[in-house]
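Asks: Starting from the structure of chain H, add chain S where the hints point.
As they're listed, the protein sequences go chains H and S. The numbering of the first sequence is UniProt numbering, which starts it at 1 and goes up by one. The numbering of the second sequence is UniProt numbering, which starts it at 1 and goes up by one.
FYI, nobody ran anything at the bench for these hints, they're computed from the structure. Just so you know, not all the hints are guaranteed correct.
Treat identical chains as interchangeable: a pair holds within one or across any two.
With a cut-off of at most 16 Å between alpha-carbon atoms, the simulated EDC-like pairs for lysine to aspartate or glutamate come out as follows [unchecked claim]: (1) K372 / D351; (2) K385 / E408; (3) K268 / E170; (4) K29 / E327; (5) K24 / E34; (6) K29 / E142; (7) K238 / E170; (8) K374 / D354; (9) K230 / E400; (10) K394 / E362; (11) K57 / D70.
There are 2 protein chains.
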Amino acid sequence: MVNIGLLGLGTVGTGIVQIIEDRKNYLQKLIGTEINISKILIRDMNKKRRIGIHEDKLTTDFSEIVGDQDIDIIIEVMGGLEEAYVYIREALNRGKHVVTANKAVVAKHLEELTFLAREKNKAFLYEASVGGGIPIIKQLKEQANLNNIQEIKGILNGTSNFLLTKMIEEDLDFKEALKMSQKLGYAEADPTDDIEGYDTRRKLRILTTIGFKDRVKEESILCQGISSIKTIDIQNIKSMDCTIKLLGTATLKDNKYYALVEPVIIKKNSYFGKVDYATNLVSFVGNKVGELRFYGEGAGSFPTANAILSDVIDIILKNYHKNYSLESNDLDNINKLFQGRYYIRTTLENDTKDKMIRYINEKEITDKLITKEKDVAFITKKILKKEIENIISKFNIRTENYFIGRLEV
Amino acid sequence: MVNIGLLGLGTVGTGIVQIIEDRKNYLQKLIGTEINISKILIRDMNKKRRIGIHEDKLTTDFSEIVGDQDIDIIIEVMGGLEEAYVYIREALNRGKHVVTANKAVVAKHLEELTFLAREKNKAFLYEASVGGGIPIIKQLKEQANLNNIQEIKGILNGTSNFLLTKMIEEDLDFKEALKMSQKLGYAEADPTDDIEGYDTRRKLRILTTIGFKDRVKEESILCQGISSIKTIDIQNIKSMDCTIKLLGTATLKDNKYYALVEPVIIKKNSYFGKVDYATNLVSFVGNKVGELRFYGEGAGSFPTANAILSDVIDIILKNYHKNYSLESNDLDNINKLFQGRYYIRTTLENDTKDKMIRYINEKEITDKLITKEKDVAFITKKILKKEIENIISKFNIRTENYFIGRLEV
Chain H
1 MVNIGLLGLG TVGTGIVQII EDRKNYLQKL IGTEINISKI LIRDMNKKRR
51 IGIHEDKLTT DFSEIVGDQD IDIIIEVMGG LEEAYVYIRE ALNRGKHVVT
101 ANKAVVAKHL EELTFLAREK NKAFLYEASV GGGIPIIKQL KEQANLNNIQ
151 EIKGILNGTS NFLLTKMIEE DLDFKEALKM SQKLGYAEAD PTDDIEGYDT
201 RRKLRILTTI GFKDRVKEES ILCQGISSIK TIDIQNIKSM DCTIKLLGTA
251 TLKDNKYYAL VEPVIIKKNS YFGKVDYATN LVSFVGNKVG ELRFYGEGAG
301 SFPTANAILS DVIDIILKNY HKNYSLESND LDNINKLFQG RYYIRTTLEN
351 DTKDKMIRYI NEKEITDKLI TKEKDVAFIT KKILKKEIEN IISKFNIRTE
401 NYFIGRLEV
Chain S
1 MVNIGLLGLG TVGTGIVQII EDRKNYLQKL IGTEINISKI LIRDMNKKRR
51 IGIHEDKLTT DFSEIVGDQD IDIIIEVMGG LEEAYVYIRE ALNRGKHVVT
101 ANKAVVAKHL EELTFLAREK NKAFLYEASV GGGIPIIKQL KEQANLNNIQ
151 EIKGILNGTS NFLLTKMIEE DLDFKEALKM SQKLGYAEAD PTDDIEGYDT
201 RRKLRILTTI GFKDRVKEES ILCQGISSIK TIDIQNIKSM DCTIKLLGTA
251 TLKDNKYYAL VEPVIIKKNS YFGKVDYATN LVSFVGNKVG ELRFYGEGAG
301 SFPTANAILS DVIDIILKNY HKNYSLESND LDNINKLFQG RYYIRTTLEN
351 DTKDKMIRYI NEKEITDKLI TKEKDVAFIT KKILKKEIEN IISKFNIRTE
401 NYFIGRLEV
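Excised from the complex, chain H in its bound form (with noise of 0.2 Å):
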């Protein structure tokens, strides 16, 4: 029998326990052994559960499940920060596997983890970390095993992909849009991390560093949310019969890399540009395989459960890369020198925007100009990133009046 102890009895870890069970015979005879989840952390005895659970295997103190000689993989999905970091160390410091869907340790403790769990001769896996229920972290370290990995490109974030769509498709203003993804369970009280891109970029740092092999930090990483969107930038979107979208990107040539997150519009059409609703599309190019693409669910109970349980039995199967590990090919960032064409959109008092028109005319930097009340729309020439910064900075423009997109069209 192969013990689990679970961390979290949330909407995953119910996921988990469900699918478990519902593959129970499928399971037993594929690894010769039943699964058993023996231990839960939960937080609250007294919560009412979906699921049926024998109150013995609850319990809300970590070091019994830590403690436990029995149990061989954790299974870490509590979400939070500190709290799952230290219990993950703690874990693989006691030599248990660790599974987790755990982004955000995942992004801030990656090279530290993944050190400790070779050291410890066991597995440290987070497939659920990325994509959802796309299988793309364990595909990407494979062919980054035969390929040089030059680009690296996703929707990763199903929340702001939900509220982008929900605008475009139904004409909602943000704050509608915002309001129905919260009711209907796909952002949280607290969309921060989703909407300001910082969710995007953790997912993007862990793909780089494993598909560019070098150790590239969220701070390497440009980021632009989306929270500042406004109904008219969204017509001005569908108007040139484009689709707009939260991509991670990241390319590597001559040992140089970008990194950027920051809303994108696209044709409609594009593949990108189909990808709807909390759904993710993951690309990455190498330079013998060419471009894969992978599409799915970026989110959801069972889908990422997969994801977790993909992982559990890679690990009793013994079928991950036992000596994998990190490495460090000391990358310049050009992230500087990133040039592309964008549409900005400022909502401003008439003497700044006057200013401002004047200013970008004189620079010679826009290709077409919108303006409509207060609001001035201009999409630039291929310019570099910096200059739109400094454009920002130069009229003093506060974060909630102004909006940029790139264009890839």
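Replies: Just chain S now, with coordinates in the frame of chain H:
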């Protein structure tokens, strides 16, 4: 050192040699030892080669390779059917791991070779046999551990997809498109397997056998090719704002399954509609993970070699499903009950043509009718596919005089 015997030094074989050379240092670090192609089976010692290979490595005698105690893994990329099969079987029998890209052999002997490998405690892997560079076989095996696979769908043949794309994009007729495909290396001198759908059928047979956990034979898959498609069909399809793809589709519900290979008319802007030229797209639906889609290069030296070498690395690192076997779920094939809306074009002499039009009008199966000289094209209501076969045989229409595509719009 891991010694490999390579059977075949054509496009893919050459790619394998090149990638191993190119990734030498990296692979040595990854697996802790060198990968060495120690012997290569070729047909003609005097043929000029694109790459420099030491003559001592080349042999025209298979027994020299299979008899070599130092060789652990045999890679088969020689193509063909009977000879390749005999060599693979012999290699497994002599205790070698085998990796192959040969879809014809895999389709015909999947069960036998899988069981033999298991008996001998060796690997028989065939990632490259379906989807070229797309890592689909391993994925599907793994997802089928946790999911009931309910649907498998794919553009699986690069040649026919290239050809159809050329016809749609450049208004070429079938012959011109075929000639161009042959000239560019996308179609073989004898393109029968590709354009009649046999190659797609083989791949669908492999995927369904893995995914549905039953031995789905080639004979259990209805198969319709594209060789009779004419310019008028392309025009009709384009006038519907659609495109046409040769799709393999299989669905499973309540132990009953359909499996078909047929031209399918879909919206130009749909996911499958946008997969052009020699690229492939495979999608499957699991009851837990939802739909997953995988896109990539369907053929080519490096993508195929890449897929083969990912199998080789899995063998060396023992990261393959050592106990993997095939199951027999005893499913019912219900192809006879398959229904769809169909586009049918026939080219007939006037009297037969009139009779047929009267017949289909009486049967009330058509939604729409387009006639032009000898060509009659009509779109049916949802009907049994069998009905179409009835019409074809009732009016004794010869293969080259009709074209059928299912509508998925």
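Asks: Hint by hint, note whether the structure agrees.
Replies: Now for the hints, and whether the structure bears them out:
With identical chains, the CA atoms of K372 and D351 are at most 16 Å apart within one copy only, with a shortest distance of 15 Å there and 66 Å across copies. Within a single copy, K385 and E408 get their C-alpha atoms as close as 14 Å, which meets the 16 Å cut-off; across copies the closest is 43 Å, which misses it. For a Cα distance limit of 16 Å, the shortest separation of K268 from E170 inside one copy, 15 Å, qualifies, whereas the shortest one across copies, 24 Å, does not. Within a single copy, K29 and E327 get their C-alpha atoms only as close as 37 Å, which misses the 16 Å cut-off; across copies the closest is 11 Å, which meets it.
When the C-alpha separation of K24 and E34 is checked against a cutoff of 16 Å, the pair qualifies only within one copy, where the shortest distance is 7 Å, while the shortest distance between copies is 41 Å. Taking CA atoms no more than 16 Å apart as the test, K29 paired with E142 passes between copies only; the shortest distance there is 14 Å, against 27 Å inside one copy. In this assembly of identical chains, the alpha carbons of K238 and E170 lie at most 16 Å apart only when taken from the same copy (12 Å versus 29 Å across copies). Within a single copy, K374 and D354 get their C-alpha atoms as close as 10 Å, which meets the 16 Å cut-off; across copies the closest is 68 Å, which misses it.
Taking the closest pair of Cα atoms, K230 and E400 come within 16 Å of each other only inside a single copy of the chain (10 Å); across copies the shortest separation is 57 Å, beyond that limit. In this homomeric assembly, K394 and E362 come within 16 Å of each other (Cα to Cα) only inside a single copy, at 14 Å, whereas the closest approach across copies is 76 Å. Taking CA atoms no more than 16 Å apart as the test, K57 paired with D70 passes inside one copy only; the shortest distance there is 14 Å, against 52 Å between copies.
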